[in-house]
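Participant: The primary structure of each chain is shown beneath.
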Amino acid sequence: MEERKYAAYLCKGCGIGEVVKMADLSKVATREAKIPLVKEHDCLCSPEGLEMIRQDIANEGVNCLLIAACSPRVKFEEFDFPGCIIERAGLRELVAWTQDPEHKETQPLAEDYIRMYGAKIKKTDLPEPFKHEEEQSKIILVIGGGAAGLSAALFAARNNYEVILVEKEAQLGGYGAKLHRATPTSYPYTQLQEPPVLAKIKEVEAEPGVRVLLNSQVTKMEGQPGLLDVTISSNGNEESIRIGSVVMAAGWKPYDATKLEKFSYGASPDIITSLEMEEMAKKGRIARPSDGKVPNTVAFVLCAGQRDPEHLPYCSDICCASSLKQALYVRQANPDAAAMVLYKDIRIPGQLELFYKEAQSDPGVMLTKAEVTGVTPAPGGVLRIAAKDTLLGENVVFEADMVVLATGMVPVTAEDPVLQLEYRQGPGLPDLDLFNGFADSNFICFPYETRRTGIYAAGGVRQAMGMAMAMDDGVGAALKAIQAIDHDLAGMALHPRAWDETFPDPIMQRCTQCKRCTEECPFGAIDEDEKGTPFFRINRCRRCGTCMGACPERIINFKDFSVDIIGSMLKSLDVPTEDDIEDDEEVPMRILGLVCENDAYPALDAVALHKLNLNPQVRFLPLRCMGSFNLVWVSDAFSRGVDGMILLGCKYGDDYQCHFAKGSELCAYRMTKLSETLDKLGLESDRVQLYQVAISDFDKLPKIIDDFVKRVEEVGPNPFKGM
Amino acid sequence: MAGETLIKPDLQFVKRIVAAGGDTAKKCYQCDTCDVVCNLSPDERPFPRKEMLMAQWGLKDVLKDPDIWLCHQCSDCTVHCPRGARPGEVLGVLRQMCIEQYAFPSILARLVGDIKFLPALIAMPVVLLLGWLYVLGMIGLKVKEHVGGAVNTFAHKGIAIPAGEKIVFSKLFPTLWAVDLIFVPAFFFAVGVLGLGVMRYWKDLNEANPWKVKLQGGCAGNLIAVVKDILWHNRFRECTTTFGRALNHLLLVFGFIFLGIVTSWGFLREWVIHFDSPYTLLWPPDPLKWLALLGTGLLIFGIYRIYQSRLENAETAGYGSYFDWQLIYLIAAVGLTGALSWFFRLLGSPTLAYPTYFLHLVTIFCLFFFAPYTKIAHLVYRTTAMLYARMSDRGF
Numbered sequence: 001m002e003e004r005k006y007a008a009y010l011c012k013g014c015g016i017g018e019v020v021k022m023a024d025l026s027k028v029a030t031r032e033a034k035i036p037l038v039k040e041h042d043c044l045c046s047p048e049g050l051e052m053i054r055q056d057i058a059n060e061g062v063n064c065l066l067i068a069a070c071s072p073r074v075k076f077e078e079f080d081f082p083g084c085i086i087e088r089a090g091l092r093e094l095v096a097w098t099q100d101p102e103h104k105e106t107q108p109l110a111e112d113y114i115r116m117y118g119a120k121i122k123k124t125d126l127p128e129p130f131k132h133e134e135e136q137s138k139i140i141l142v143i144g145g146g147a148a149g150l151s152a153a154l155f156a157a158r159n160n161y162e163v164i165l166v167e168k169e170a171q172l173g174g175y176g177a178k179l180h181r182a183t184p185t186s187y188p189y190t191q192l193q194e195p196p197v198l199a200k201i202k203e204v205e206a207e208p209g210v211r212v213l214l215n216s217q218v219t220k221m222e223g224q225p226g227l228l229d230v231t232i233s234s235n236g237n238e239e240s241i242r243i244g245s246v247v248m249a250a251g252w253k254p255y256d257a258t259k260l261e262k263f264s265y266g267a268s269p270d271i272i273t274s275l276e277m278e279e280m281a282k283k284g285r286i287a288r289p290s291d292g293k294v295p296n297t298v299a300f301v302l303c304a305g306q307r308d309p310e311h312l313p314y315c316s317d318i319c320c321a322s323s324l325k326q327a328l329y330v331r332q333a334n335p336d337a338a339a340m341v342l343y344k345d346i347r348i349p350g351q352l353e354l355f356y357k358e359a360q361s362d363p364g365v366m367l368t369k370a371e372v373t374g375v376t377p378a379p380g381g382v383l384r385i386a387a388k389d390t391l392l393g394e395n396v397v398f399e400a401d402m403v404v405l406a407t408g409m410v411p412v413t414a415e416d417p418v419l420q421l422e423y424r425q426g427p428g429l430p431d432l433d434l435f436n437g438f439a440d441s442n443f444i445c446f447p448y449e450t451r452r453t454g455i456y457a458a459g460g461v462r463q464a465m466g467m468a469m470a471m472d473d474g475v476g477a478a479l480k481a482i483q484a485i486d487h488d489l490a491g492m493a494l495h496p497r498a499w500d501e502t503f504p505d506p507i508m509q510r511c512t513q514c515k516r517c518t519e520e521c522p523f524g525a526i527d528e529d530e531k532g533t534p535f536f537r538i539n540r541c542r543r544c545g546t547c548m549g550a551c552p553e554r555i556i557n558f559k560d561f562s563v564d565i566i567g568s569m570l571k572s573l574d575v576p577t578e579d580d581i582e583d584d585e586e587v588p589m590r591i592l593g594l595v596c597e598n599d600a601y602p603a604l605d606a607v608a609l610h611k612l613n614l615n616p617q618v619r620f621l622p623l624r625c626m627g628s629f630n631l632v633w634v635s636d637a638f639s640r641g642v643d644g645m646i647l648l649g650c651k652y653g654d655d656y657q658c659h660f661a662k663g664s665e666l667c668a669y670r671m672t673k674l675s676e677t678l679d680k681l682g683l684e685s686d687r688v689q690l691y692q693v694a695i696s697d698f699d700k701l702p703k704i705i706d707d708f709v710k711r712v713e714e715v716g717p718n719p720f721k722g723m
Numbered sequence: 001m002a003g004e005t006l007i008k009p010d011l012q013f014v015k016r017i018v019a020a021g022g023d024t025a026k027k028c029y030q031c032d033t034c035d036v037v038c039n040l041s042p043d044e045r046p047f048p049r050k051e052m053l054m055a056q057w058g059l060k061d062v063l064k065d066p067d068i069w070l071c072h073q074c075s076d077c078t079v080h081c082p083r084g085a086r087p088g089e090v091l092g093v094l095r096q097m098c099i100e101q102y103a104f105p106s107i108l109a110r111l112v113g114d115i116k117f118l119p120a121l122i123a124m125p126v127v128l129l130l131g132w133l134y135v136l137g138m139i140g141l142k143v144k145e146h147v148g149g150a151v152n153t154f155a156h157k158g159i160a161i162p163a164g165e166k167i168v169f170s171k172l173f174p175t176l177w178a179v180d181l182i183f184v185p186a187f188f189f190a191v192g193v194l195g196l197g198v199m200r201y202w203k204d205l206n207e208a209n210p211w212k213v214k215l216q217g218g219c220a221g222n223l224i225a226v227v228k229d230i231l232w233h234n235r236f237r238e239c240t241t242t243f244g245r246a247l248n249h250l251l252l253v254f255g256f257i258f259l260g261i262v263t264s265w266g267f268l269r270e271w272v273i274h275f276d277s278p279y280t281l282l283w284p285p286d287p288l289k290w291l292a293l294l295g296t297g298l299l300i301f302g303i304y305r306i307y308q309s310r311l312e313n314a315e316t317a318g319y320g321s322y323f324d325w326q327l328i329y330l331i332a333a334v335g336l337t338g339a340l341s342w343f344f345r346l347l348g349s350p351t352l353a354y355p356t357y358f359l360h361l362v363t364i365f366c367l368f369f370f371a372p373y374t375k376i377a378h379l380v381y382r383t384t385a386m387l388y389a390r391m392s393d394r395g396f
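Protein chains in written order, with the working numbering: chain Z, 1 to 723; chain H, 1 to 396.
For reference, chain Z alone in the conformation it holds in the complex (with noise of 0.2 Å):
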């Protein structure tokens, strides 16, 4: 930019001017902010605001903004002005809702919101998207031809993206192709029906944009999306294709059988898998291996090793309703047959319930709640089920001519990376550990995300699902994978900050190659070379800003977040000491709160709307994520007076709520080097505190930090203030 104009524009609707005196506020702006132009109106989003900025941007040449009236999370159409810089104080949340008009620290916390961005507006400057000197590639790389990878294949192409869809076997449609029949997809959901994947084969066949190879699988993957060069390796010929996005849907492996002792699979050829009932329904005979006869009862063993802790924890989602198919199997074969089916609960997901009713409503389909202890071959050719636990009594025997171990389903990432990538991370995915080897994540309300930034999973292989589900989810990670090729032609991130063209642009003189940025990287956005130079892959990059905040040098910046803009914001406050204050009374404390703006800020506004009450003395300060915090801030902050620091952040651990995955818990690590720090200093550890706090928590949020600012009180003021 050019020349920097700046302006600011003070906001009196929705209650801020009862709450604030707006002239001194001004007067905060001109003086200390040193901004020239400041206007007041009585409702700035209305069209004569509006306009009026857009004059002042026409006439005056203004081209940084600085908003001070409602929340960023709000009204971003309305003061959107491209080719300015905009900065906005949330004063009607912050301020004017959750703060008393008589208490005399309302008036303080508004001017220093006020200080605060005017200070950032000083530093922060319009991005520029990143451009790539190499051409970007529009192909998408579907791994996997089941019932998912042919519907991500097919969307996708349809969309004219060109795919390329490897599969490791020598025909596509994965195990929805090796039913006999497949469970209801449509309404009355009660006729068992072709497996749909069949169609979805001819027409993936049909679909000139998708190349298919058969018999191939990848064997390297590196560079970034949108430059990510893979090799895939077909009937022995290695073939090297770049690509912009993957649709990871490599599918799933039933449990070993052998592992579950207790039913004795393998002690007579008459018990059998799933999987093989499928198989010998596909031949046309439901017969015993043993004898070649028709059997006259079947028990069908639901769970086995699935939610068992020694085998498989989770559910898998498709054997209740393929069992209760199966029974029907067993019944059109000889109609004098029962099927007993032993479930644990029945577990039928969606529409499929009213195939359930169906199934259960045939006479010979018999089923109970049962524990199964054993299966055992007994004289006679028989085989004894002994059950605990069931409807029908504590302790009890069925005897059936054939028994079908419905087996789960294991995702083939448990025991194979399949992506194999080459980054400095690893090949496969982290924290398969998290989800029982499934491709899955914590990305709330994003399910195909992973945490390689350009490639999505689908179907059974991020999570255990029938061949329905798989094809919606297909669906649904072709449509990430466009996103990512488009962004990443855009210059733009992906989620979670899909609009952000900001990029981190690192000062590599200064780079001491401590590698902390390469390690702590959720989404291994960072290579190195033999020397340890971390090189960024843009590309691979989610914004998070973790490398900056991981970084002892601070050489990693955004143009609208970096440590210097956090710095120079938390150095503007101002800090009142004894000699401000009148004898009588007490010096108020001056507490900072970083914010992650993915929850804890939302969970700020959700206070502001129920009109609850937030502590006066506490300045509140967005950060993109936890996992941005920069030691050094602390140091900023206490050097100028302020009395403590509370973090808000997302839940970590397992069950984490980090929209950056990995942001929270290593800020979290990062606090744990901190009270060594602080008590070299001669400062409180208390001073300094992390609470994680869920979007949901914003009742709990007053509270959370009036107890922390009670405990810093309790501490005393920062023996540095005024120095």
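Quick caveat, the hints were computed from the structure, so don't treat them as lab data.
Please note that the accuracy of each hint is not assured.
Selected chain Z positions facing chain H (in silico; Cβ < 7 Å) [unchecked claim]: (1) M1; (2) P363; (3) G364; (4) M366; (5) G393.
The C-beta atom is built at its ideal place from N, Cα and C for all residues, glycine as well.
Following the hints, put chain H in place on chain Z, whose structure we already have.
Facilitator: Just chain H, lined up with the frame of chain Z:
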């Protein structure tokens, strides 16, 4: 493992339950709502959930489960069932099968329970009574002169109506030896078959011993308590959805009790005191006559209310099976033909009175003779089951 029970599902039994109207049993998914909403179900091992499961698996032992008789089919469970499994109706079907199981010969019970055989069942007493009339010389293929002398209006059709100004039913069937000779054996046949059934049932209950308890107290004392409970319908009145049914049923029961008293009294007079009918209504007022009228009134009103409430509740509680309706129509027929016979007699119309009386006898015969096979057998099986439940401390 000790104490293991072998579960042997019986598909044919399931199919029989389904065919008898228990098709909704298969819909049950064992959520246990029924047990919770039932006011009659005990806290320990409540019903009807477990009976629903046994029905689904075709476990015949369900018929030895006295709990099926503790249900008065008030339909609270049916109304609240989230799956439309209608546990109340399924228990009704199981009770029917229980009657069938213990009736001797059970083939007759099967016939009674099947609408296809209804004409044959009605034809049986008609033929029997017509044959009896033929033997008595009251009926013939040719026109015949009769005791009274005058030629009857129906004579050309082969049926003779007794002549005389006054209509005296005993002219058609002399009470002492014509009516009683058929009905007394029929009654004792029913009592015998029911008694046999109850004995077998009691034995099975003790053998199956579903709750694994020792029976408490003596039969006689407990039976008195149970009968008291039945007389006042204490348990029946705990039902919510079809509360009115208890009252209707009570009216009917008292109708039957009064008529039973009247019949025994009449029987006593005829056979012991040799005091023949007619019993006078107005002067001198014969209490027996009044009791008979009261009983008839209660019976007709009660059965009418039952009929009506079944229609009203059909949507929530279910319409009921053939087995249910058979008894309702039979009792209605008994009451109506009885009342009409009296009415036509007072009207002085022999052409109406005598055939109606004939029909009345047919219906009475059906009621008596088929009692061990129709729903009326619930009288003894329910009492037995309630006695067993009471003695095994099932909460009442």
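Participant: Is the interface hint satisfied for P363 (chain Z)? The criterion is a beta-carbon contact with chain H at less than 7 Å.
Facilitator: 4 Å, holds
Participant: Does the closest beta carbon of chain H sit nearer than 7 Å to the beta carbon of G393 (chain Z)?
Facilitator: 5 Å, holds
Participant: Take the shortest C-beta to C-beta distance between G364 (chain Z) and chain H; is it under 7 Å?
Facilitator: Holds, because the Cβ-Cβ distance from G364 (chain Z) to chain H comes to roughly 5 Å (cut-off 7 Å).
Participant: Verify the interface restraint on M1 (chain Z): the C-beta must sit less than 7 Å from at least one C-beta of chain H.
Facilitator: This interface hint is violated because 66 Å lies over the 7 Å limit.
Participant: Regarding the hint that M366 (chain Z) lies at the interface with chain H, is the smallest CB-CB distance below 7 Å?
Facilitator: Nearest chain H Cβ about 5 Å off; hint holds.
Of the numbered hints stated above, the single one contradicted by the structure is hint 1.
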